[in-house]
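One line per chain: the protein sequences are F and A, in this order.
Count along the first sequence starting at 1, add 6, and that's the number in the working numbering.
Count along the second sequence starting at 1, add 472, and that's the number in the working numbering.
No wet-lab data here; the hints were simulated from the structure.
These numbers were taken from a predicted model, which means no experiment stands behind them.
Do not rely on the hints blindly, as some may be mistaken.
Stated by the list, open to error - List time: in silico DSSO-like cross-link candidates among lysine-lysine, alpha-carbon distance up to 27 Å:
1. Lys322/F to Lys873/A
2. Lys590/A to Lys322/F
3. Lys636/A to Lys172/F
4. Lys193/F to Lys672/A
5. Lys279/F to Lys590/A
6. Lys636/A to Lys159/F
7. Lys609/A to Lys57/F
8. Lys72/F to Lys609/A
9. Lys190/F to Lys816/A
10. Lys70/F to Lys40/F
11. Lys238/F to Lys193/F
12. Lys590/A to Lys190/F
13. Lys319/F to Lys636/A
If you want the building blocks of each chain, they are given just below.
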Amino acid sequence: MELFSEIYNCYYNVITKILNTCSNTPISKEDISKIIKNNAFCESAFYIFPKLIGGDWNLITKDKEKFISKLKGTIKRPVTLLEKSWLKSIIQDKRISLFLKDEQIRVLDEYLSDIEPLFNVNDFYNYDIFSDGDDYENPEYIRNFRSILYAFKSKQAVTISFESSKGNRITGNYIPMKIEYSNKNDKFRVHTFRIYHGKIRNTEIINIGRVKNVQASKESFNFSLNIDIYEKINKCKEPVVIEISDERNALERCMLNFASFQKHTEYHKDTEKYITHIYYDMKDETELLIRILSFGPVIKVLGPDRFLNILKKRIKRQVELMEI
Amino acid sequence: MKNFSELIKNFDKIRDYMRDFFVYGFKSRSNFTEKSLRTYDNEKRRIESYLGDCIKYNNINGEKNTFISLDSSSVTENPLYSVWKAKSFTNNDIMLHFYLLDILTYESLLDIEQLTNKICERYGTCFDTQTVRNKAKEYVKEGILNSCKQGRKLYYSLSRDFLKTLVNNYDDILDALKYYQAIAPFGVIGSYILDNEQNKNDIFHFKHHFVVHTLEDKVLLEILKAIQEKREINFINKSPRSEYILKVSGIPLKIFVSNQTGRRYVNIYNKRRKRFVNYRLDYIKSVNILDICIEYDFFKQKLEKNLDKCWGVSFGNSIRGKTFCAKFYVDEERELYILDRIKKEGRKGTLKKVDKNIYIYSKEIFDTNEIMSWIKSFTGRIISIESGDKFVDERFYSDMKKMKEMHLGGDTD
């Protein structure tokens with residue numbers, strides 16, 4: 007069982023797609039180019055095209071000006087032992103109940119009965135995960151999760167009742183825009199557009215663990231759903247700019263800690279400083295602030311002013327508390 | 473001069489470049505001194521090809537920096553998986569892959585001579601029997617083909633295990649794969665399955681997701697094998713901070729994962745030093761699996777008993793096991809969420825109200841220095857700390873003074 011094997015190579019997948027497309031009907035060079043462009047790496051066409059068309063791989067044949075597969079019919083690779091072994095591991099995970107019913111898990115488990123799991127979830131110790139993660143085995147949670155998943159997939163609005171962080175019950179009509187999972191929080195959240203009379207009122211993020219009820223909504227809408235627009239609404243206008251000192255291995259710690267953000271870092275030879283620009287979602291501003299504070303004086307915030315002022319306010323309060 | 477190939481034979485060679493481009497991103501060509509500049513150029517070109525739009529460039533100090541820029545919460549598939557899907561192959565490999573799949577989809581139980589002859593007749597490419605046998609054997613090992621012996625001959629057929637036959641609701645398993653391909657260990661395997669199903673994740677996004685972990689998966693797989701078989705290991709450990717290469721041996725017991733700092737470690741018991749030590753997976757270069765450890769369960773139990781006192785990955789030094797205390801000011805009318813934060817992030821520490829708006833958090837910890845990052849995240853609400861370690865206390869108070877000087881410039885008005 008090899009993890010790094012040509013069986014999973016993207017070229018094999020692209021060639022499978024090409025061969026299955028021209029199994030009965032010949033396709034043009036342009037069609038082949040298009041499949042490669044959409045499914046392989048940027049430069050792959052330079053390597054695949056001559057081998058495939060030139061005959062080195064002897065998989066297609068010319069049919070007038072087009073190409074047809076030499077294979078008897080369409081093909082599909084069976085699930086490998088490595089893949090089965092991985093599947094066996096993931097069905098041990100408690101979150102699998104969100105997707106598969108008990109009976110489906112049992113059938114799959116039975117099918118994989120002679121397969122060793124690739125890993126055991128207990129071999130991992132997530133030492134800094136938050137302790138108030140979602141209750142994945144709660145039937146009400148599972149029902150709500152599935153209803154939201156269904157609404158997302160079918161692009162329908164739903165009426166969601168949930169408890170806000172302040173304990174208030176809120177009910178509204180929402181279009182699920184994206185379903186997000188956080189490892190750190192061990193929670194699912196649904197990002198939504200709240201709608202009223204078919205028009206978007208605002209964006210809202212709802213913790214699925216706080217949802218009490220999900221029902222089909224009477225609201226309808228006639229605009230197209232675009233995740234890019236949703237992301238753009240919430241993106242910061244200016245990145246947070248930080249200066250990282252070279253002591254206490256701060257550079258390495260910072261780079262890895264902020265690796266999940268879109269960022270870029272510059273080293274300024276003249277000042278011997280590292281400057282990082284971090285782009286973030288406005289709704290995550292407090293979290294970013296907390297993470298920056300956790301580094302202490304090895305990070306200096308340079309801007310923007312609004313962010314810097316929030317940080318200064320915190321430090322000022324700290325200075326007052328400790329009378330330093 | 474050898475022609476450039478987009479595909480790679482060796483995963484380890486590109487691993488460090490990929491990590492540097494993603495995690496750091498400020499290095500220019502002249503900073504990559506470990507290997508030749510030609511190697512740098514080739515690896516950079518490959519990464520540019522694999523990652524396309526995620527590659528960005530910067531011009532600083534007159535030098536061009538190449539880096540990978542992505543917001544991991546806005547991508548649905550880990551772009552770094554592409555390197556796993558770039559293993560090189562020969563012309564024979566790819567031809568035999570498709571020929572064997574084609575023939576055995578429509579016919580079954582063929583011996584190696586029959587397979588070799590059919591390939592020659594049907595496609596006009598003739599291989600020697602041994603070449604076909606080697607590929608068929610390899611595919612049996614991978615689970616793509618089945619083999620059975622009848623008399624003295626081995627007959628091959630295609631495995632009938634397709635995703636659709638494994639479960640009775642195909643759409644549900646696809647949804648699960650779209651989730652687990654990102655969050656499960658070895659998620660790239662989920663991505664392999666989705667590729668084979670001509671599908672991809674169009675549902676889930678992942679926050680606090682460290683896509684770079686995939687680059688450690690080869691090392692991780694070896695370590696987990698050893699854990700499963702209760703064996704000792706040795707490995708090469710190379711930290712970028714040190715010029716020394718360390719050869720480490722011990723009993724691997726658990727994988728420690730930080731969902732906040734982005735680091736993963738293997739916890740090993742070092743018999744010679746008689747202590748538990750954690751090593752970062754991204755610094756491990758190669759792993760050798762050694763003999764079975766007969767005391768394995770004893771060390772594992774010992775570790776489990778100690779976990780409660782680890783804040784992170786340190787088991788402390790000789791003066792370990794101090795009770796850490798922090799006194800917080802929390803405005804009970806407006807800041808109850810701070811108490812929730814302490815409870816959910818405090819890793820089973822105790823929180824006690826001692827006065828109006830005053831709370832004390834305490835926990836016994838092996839190495840109190842490790843908790844300080846978390847404590848500093850409450851800047852603005854910390855009244856005092858007592859770590860039982862003079863160095864830790866002094867550094868905290870000095871850090872707060874430095875923060876004041878750095879951001880307030882001595883002016884608190």
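Hints and how they fare:
1. Lys322/F to Lys873/A: holds (11 Å)
2. Lys590/A to Lys322/F: Cα-Cα ~81 Å, so violated.
3. Lys636/A to Lys172/F: violated (45 Å)
4. Lys193/F to Lys672/A: Between Lys193/F and Lys672/A the Cα gap is close to 22 Å, so the pair holds against 27 Å.
5. Lys279/F to Lys590/A: Not OK: Lys279/F and Lys590/A at ~66 Å, beyond 27 Å, violated.
6. Lys636/A to Lys159/F: Given pair Lys636/A, Lys159/F holds - Cα atoms ~20 Å apart, limit 27 Å.
7. Lys609/A to Lys57/F: With Cα atoms ~26 Å apart, Lys609/A and Lys57/F stay inside 27 Å; holds.
8. Lys72/F to Lys609/A: Violated: Lys72/F and Lys609/A sit about 36 Å apart, past 27 Å.
9. Lys190/F to Lys816/A: Roughly 11 Å separates the two Cα atoms, so the pair holds.
10. Lys70/F to Lys40/F: holds (20 Å)
11. Lys238/F to Lys193/F: Within the cut-off at roughly 23 Å; holds.
12. Lys590/A to Lys190/F: violated (55 Å)
13. Lys319/F to Lys636/A: At roughly 58 Å apart (the allowed maximum being 27 Å), Lys636/A and Lys319/F break the hint.
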